[in-house]
Amino acid sequence: EVKDILDAFKSENEYIYTKSLGNTYKSFKKHMLKEFSIIKEDIITGLNYKLEKRNDFLDVLSYELALFKDINTNKFVVKNPYQLLDNDKKDKQMVNLKYAIKGVTEDIETTTDGIEFFNKMIELYKPQLNAVNEQIAAIEKETTDKEEKKKYVPIFEDLKVLYETILNGAEEFSELLQHKLENYKIEKAGFDILMANLETYIKIDEKLEDFVESAEKNKHIASIALNNLNKSGLVTEGESKKILAKMLNMDAMDLLGIGSNHVCISTNTPENAGCFRYDNGTEEWRCLLGFKKNEDNTGCVKDDAPVCNNSNNGGCDPNADCREVENTDTTNSKKIVCTCKEPNPNAYYDGVFCSSS
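Counted from 1, the sequence shown has number 79 at position 78 by the working numbering; the numbering is strictly sequential.
Hint data in this document are derived by calculation from the structure and do not stem from the laboratory.
Where hints are given, some of them may not hold.
[What the hints assert, rightly or not] Ranges between beta-carbon positions, derived for each pair:
1. Asn295 / Lys99: 51 to 59 Å
2. Thr201 / Lys54: 26 to 34 Å
3. Thr201 / Asn169: 43 to 51 Å
4. Asp322 / Phe58: 49 to 57 Å
5. Asn49 / Asn134: 33 to 41 Å
6. Thr113 / Glu42: 16 to 24 Å
7. Ile140 / Glu172: 24 to 32 Å
8. Leu125 / Lys51: 48 to 56 Å
9. Glu207 / Glu325: 25 to 33 Å
10. Asn97 / Asn169: 40 to 48 Å
Here a beta-carbon is modelled for each residue, glycine too, at the ideal position from N, C-alpha and C.
Please take these sequences and the hints and turn them into a complete structure.
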């Protein structure tokens, strides 16, 4: 039920005059509340829409990284998945990241302007509310006629409620925008770091491309240079794999020796060993060819005389064919060659593991 704040004005002359003022006040009040609500809704609707579109956009980009995620946990199995993307995919990520950075930067500007606007509103309306409170106090103190008080106090009380509603709403919305602003700044900082990393990765790839181009002219020199490069620590193992992949015209993941869905994520693998994750999620490590488990089965030591007819099939997968061949690379007279066969024809770590996928 709408309260008539002019109810105490009984005489016809007073009522005609105050009714005109009342209609003006009613229109003013309705306009204030409506505009206040529209401004808030417009800001929130715009910010939420842009955030939703940005998240949808980033979800599409993340599809490129699905290869490097564990299918069960949806977590990355490598530290820097972006580093393993091809150059064209890195470029695509950068173009799209620039779009995302532009969007979140605009949101930061919009939110900052919104906070400034509502703080200014608070600054302007607080003195108005104080003036209304002072007027109410003055009427209560100076007017002894109860009928006169009934005329004017309801008007100022209603105006007081209006200002309090606007001020409380402005303060709450300013706090909400401040919270959003902090989130946008964090989001942008993450984008900026990723952009810088991608730029670095692309520069590394460009240098690797130059190296590979030069290496194609003389692969013998290239192999020596690559060995020195690995020893120098200037590139990671993954980067050196990429160089080899380009030299041999192979996919980089092939040279990693294992598919992403078989990468171990919870096993501590000792040196000179390889770890394999089975389809059911269990993980197992085995010594690489040319090595065998130490006495306490906690690590791998060099096997100077590997043979096929021992308890571990020469280091090959139990279901693989093991062959002893002449070894021309070292002083050992024999080396082991493993051949995976159906139904597990795919070899990992040179046949230490065999799998159907």
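Verification of the supplied hints:
no., hint, in the structure
1, Asn295 / Lys99: 51 to 59 Å, "holds, 53 Å"
2, Thr201 / Lys54: 26 to 34 Å, "holds, 28 Å"
3, Thr201 / Asn169: 43 to 51 Å, "holds, 49 Å"
4, Asp322 / Phe58: 49 to 57 Å, "holds, 50 Å"
5, Asn49 / Asn134: 33 to 41 Å, "holds, 37 Å"
6, Thr113 / Glu42: 16 to 24 Å, "holds, 19 Å"
7, Ile140 / Glu172: 24 to 32 Å, "holds, 28 Å"
8, Leu125 / Lys51: 48 to 56 Å, "violated, 29 Å"
9, Glu207 / Glu325: 25 to 33 Å, "violated, 45 Å"
10, Asn97 / Asn169: 40 to 48 Å, "holds, 41 Å"
Figure legend: structure checked against the earlier numbered hints; hints not met, in rising order: 8 and 9.
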